[in-house]
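Fit chain B to the supplied structure of chain A, relying on the hints for placement.
Number of protein chains: 2
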Amino acid sequence: MATSHTMSEEELKELYSFALDLGRRAGKILMDGVDMRCGDSAGRTETKQEEKMNAVDIVTQTDLDVEAFVKEEITKKYPSHDFIGEETYSAGSSKEYLITSKPTWCVDPLDGTVNYTHLFPMFCVSIAFILDSQPVVGVIYQPILDVTYSALSGQGAWQDDAHAWKKRRALPLINNPKAPIPEKAPKGCIFSCEWGKDRRDVEGGNMWKKVNSFVNMAAETGGREGKGGMVHGVRSLGSATLDLAYVASGAFDIWWEGGCWEWDVAAGFCILKEAGGLITTANPPPNPMSDSIQEVRLGSRLYLAIRPAGDTENETGRQAQERVIRETWKRVQGLDYTRPGA
Amino acid sequence: MATSHTMSEEELKELYSFALDLGRRAGKILMDGVDMRCGDSAGRTETKQEEKMNAVDIVTQTDLDVEAFVKEEITKKYPSHDFIGEETYSAGSSKEYLITSKPTWCVDPLDGTVNYTHLFPMFCVSIAFILDSQPVVGVIYQPILDVTYSALSGQGAWQDDAHAWKKRRALPLINNPKAPIPEKAPKGCIFSCEWGKDRRDVEGGNMWKKVNSFVNMAAETGGREGKGGMVHGVRSLGSATLDLAYVASGAFDIWWEGGCWEWDVAAGFCILKEAGGLITTANPPPNPMSDSIQEVRLGSRLYLAIRPAGDTENETGRQAQERVIRETWKRVQGLDYTRPGA
Numbered sequence: 002m003a004t005s006h007t008m009s010e011e012e013l014k015e016l017y018s019f020a021l022d023l024g025r026r027a028g029k030i031l032m033d034g035v036d037m038r039c040g041d042s043a044g045r046t047e048t049k050q051e052e053k054m055n056a057v058d059i060v061t062q063t064d065l066d067v068e069a070f071v072k073e074e075i076t077k078k079y080p081s082h083d084f085i086g087e088e089t090y091s092a093g094s095s096k097e098y099l100i101t102s103k104p105t106w107c108v109d110p111l112d113g114t115v116n117y118t119h120l121f122p123m124f125c126v127s128i129a130f131i132l133d134s135q136p137v138v139g140v141i142y143q144p145i146l147d148v149t150y151s152a153l154s155g156q157g158a159w160q161d162d163a164h165a166w167k168k169r170r171a172l173p174l175i176n177n178p179k180a181p182i183p184e185k186a187p188k189g190c191i192f193s194c195e196w197g198k199d200r201r202d203v204e205g206g207n208m209w210k211k212v213n214s215f216v217n218m219a220a221e222t223g224g225r226e227g228k229g230g231m232v233h234g235v236r237s238l239g240s241a242t243l244d245l246a247y248v249a250s251g252a253f254d255i256w257w258e259g260g261c262w263e264w265d266v267a268a269g270f271c272i273l274k275e276a277g278g279l280i281t282t283a284n285p286p287p288n289p290m291s292d293s294i295q296e297v298r299l300g301s302r303l304y305l306a307i308r309p310a311g312d313t314e315n316e317t318g319r320q321a322q323e324r325v326i327r328e329t330w331k332r333v334q335g336l337d338y339t340r341p342g343a
Numbered sequence: 002m003a004t005s006h007t008m009s010e011e012e013l014k015e016l017y018s019f020a021l022d023l024g025r026r027a028g029k030i031l032m033d034g035v036d037m038r039c040g041d042s043a044g045r046t047e048t049k050q051e052e053k054m055n056a057v058d059i060v061t062q063t064d065l066d067v068e069a070f071v072k073e074e075i076t077k078k079y080p081s082h083d084f085i086g087e088e089t090y091s092a093g094s095s096k097e098y099l100i101t102s103k104p105t106w107c108v109d110p111l112d113g114t115v116n117y118t119h120l121f122p123m124f125c126v127s128i129a130f131i132l133d134s135q136p137v138v139g140v141i142y143q144p145i146l147d148v149t150y151s152a153l154s155g156q157g158a159w160q161d162d163a164h165a166w167k168k169r170r171a172l173p174l175i176n177n178p179k180a181p182i183p184e185k186a187p188k189g190c191i192f193s194c195e196w197g198k199d200r201r202d203v204e205g206g207n208m209w210k211k212v213n214s215f216v217n218m219a220a221e222t223g224g225r226e227g228k229g230g231m232v233h234g235v236r237s238l239g240s241a242t243l244d245l246a247y248v249a250s251g252a253f254d255i256w257w258e259g260g261c262w263e264w265d266v267a268a269g270f271c272i273l274k275e276a277g278g279l280i281t282t283a284n285p286p287p288n289p290m291s292d293s294i295q296e297v298r299l300g301s302r303l304y305l306a307i308r309p310a311g312d313t314e315n316e317t318g319r320q321a322q323e324r325v326i327r328e329t330w331k332r333v334q335g336l337d338y339t340r341p342g343a
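The listed protein sequences derive, respectively, from chains A and B. Heads up: take any position in the first sequence, counting from 1, add 1, and you land on the working numbering. Heads up: take any position in the second sequence, counting from 1, add 1, and you land on the working numbering.
Just chain A, with the same shape it has in the complex (with noise of 0.2 Å):
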């Protein structure tokens, strides 16, 4: 059964089409039920059908609907992939790994619900193909925006690849030259977090490691008892997806987060990986300046992720991500997210 594994290269690009496209039509149904709430381009509200549906109902059905069209395409063109989705996942009974070698497409048919419910742009579909448990074909799409961003390994990452109107950009967009990180990073670099769902109130609780964590990596260089990072800049987007995104486009330097599922970071690991980012694990070894740097799991729910550098005259930028690796891990505290079961 190993050949049914494998795919030729010829098939592989047809498959990244079929998903660049599929992502943009299953984006066509999240601005559905954007228009649904929108009024006409006076404010007035148009007298609809539809308005007996409170916001909460047009955004779960929304949601449902995305993944069952994405689930139902799927089916037809490719019928002995396996499917994983947010929604297969809540009504399913697997606490292990999701993530098998079989050919397998694993879909966030709308991450940053939250912030689709308001209206705030960051949200988006994200759609991955996965092959021996690797994502070899990577879509994330902005609907609002309209941006796009995608890989297939071993071809590159763009922004808006094939795009009716707008230019295709490759990622990292700074390609001219390519952005080294800075000298004394974090220090004037954008770092990218969340403050997540766990909001307990308890010392060691995940809402006060992150707390700490954010405060270090912002505060004053020499503050915080030394762990000071001085970033330039820190960003909360409340999407995994499009933190990830973001990473692999530079507009990030640094990504850290705990809690994500695999949904939610299958397709924007290809995009980081195709675009030359890394990613590891966001909890700190022993020994944060000396333990091997691993390529973290898809599926481990710890994740910390550093954008595509340049080399410069003194190091590669493998290299320079490394060292910003551990210069994270220093300021950083873990988290305890595990499997559910785990």
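Derived pair list, reagent style BS3-like, types lysine-lysine, alpha-carbon separation capped at 30 Å: (1) A:Lys29 <-> B:Lys179; (2) A:Lys331 <-> A:Lys228; (3) B:Lys210 <-> A:Lys331; (4) B:Lys210 <-> A:Lys188; (5) B:Lys167 <-> A:Lys29; (6) B:Lys228 <-> A:Lys228; (7) A:Lys185 <-> B:Lys210; (8) A:Lys228 <-> A:Lys179; (9) B:Lys168 <-> A:Lys29; (10) A:Lys210 <-> B:Lys331; (11) B:Lys228 <-> A:Lys210; (12) B:Lys185 <-> A:Lys210; (13) A:Lys168 <-> B:Lys167; (14) B:Lys188 <-> A:Lys198; (15) A:Lys198 <-> B:Lys331; (16) A:Lys168 <-> B:Lys168.
Okay, the calculated beta carbon distance ranges per label pair: (17) A:Glu88 <-> B:Glu184: 25 to 33 Å; (18) B:Val57 <-> A:Asp83: 44 to 52 Å; (19) B:Pro80 <-> A:Asp22: 48 to 56 Å; (20) A:Ala163 <-> B:Gln295: 51 to 59 Å; (21) B:Gln320 <-> A:Phe84: 47 to 55 Å; (22) B:Glu314 <-> A:Pro183: 50 to 58 Å; (23) A:Arg298 <-> B:Val57: 34 to 42 Å; (24) A:Asn315 <-> B:Arg319: 55 to 63 Å; (25) A:Pro183 <-> B:Thr101: 38 to 46 Å; (26) B:Val57 <-> A:Glu314: 12 to 20 Å; (27) B:Asp33 <-> A:Glu184: 27 to 35 Å; (28) A:Pro183 <-> B:Ser134: 35 to 43 Å; (29) B:Ser134 <-> A:Pro178: 42 to 50 Å.
Source of the hints: derived by calculation from the structure; they are not laboratory data. Because the structure is a prediction, the values reported are computed rather than measured. Beta carbons are placed, not taken as given, at the ideal position from N, Cα and C, and that holds for glycine.
Just chain B now, kept in the frame of chain A:
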């Protein structure tokens, strides 16, 4: 000379159209700076004369170019009007409120400079026109996303007004019906805040006051000695101007910030007010639950903005906005930002 401070509705409409167009033309100059740093669509570096400039040079020069362009266009069309831009202020000696009763343009050629340096799309051009100390025209343009937020006093606020190929949407975006404020706000709200540049690690410094306030807003209900606000999400974009635009659109429910200057907020002020939002001071008065809620003065540097709100059976939108202001004041600490010399 009183007549010089009034303009007819026709004159204001023409001025508004001019400002809309000017914002988009200024945005094109920012995009030239973007293109200069990106490679071609395959990620290859193009050989250009401009390669000699480093990223910081390009950003600084672009910032100056945009302000010079905007100032020249305004001076050509409205030679009798005053002009205030970031550069004007930095070069000037005034430590007073910058806004007089004279017809004045207040411009930030590039808000979100750090984002622009990293090509994170959350940067913008901000253009306001002020009459009798009130911003009566506001235009905020995000060039990478090609999105405009704008307003003309008494006429309304819009996303993408007079855009060549996009549908104009009235602000707030959710109009069908207009969203009420959550009953237990700040629970259920998106809270927008910024870490800012003051990172001194001292008790009583702005960073610590901000962090304490953020945590109060975020923590579980009942946590933080009763101050836990359990907001639905915490967002940080790195642009005060866009924070205000997103409050006006309804994407953010609450924006709380200190340290902004007139050019950061003048256009957003106009757009927020026209959309139906409310803005007051960030710093809680002695009696947060009973002291009067005063409209903030442009230039006060301390802001708390609440999104437009729908009425319910139990309260008007305005009553709900005042409720959220008081609930926020209960949870935040007063910040130290004054005028220089004040």
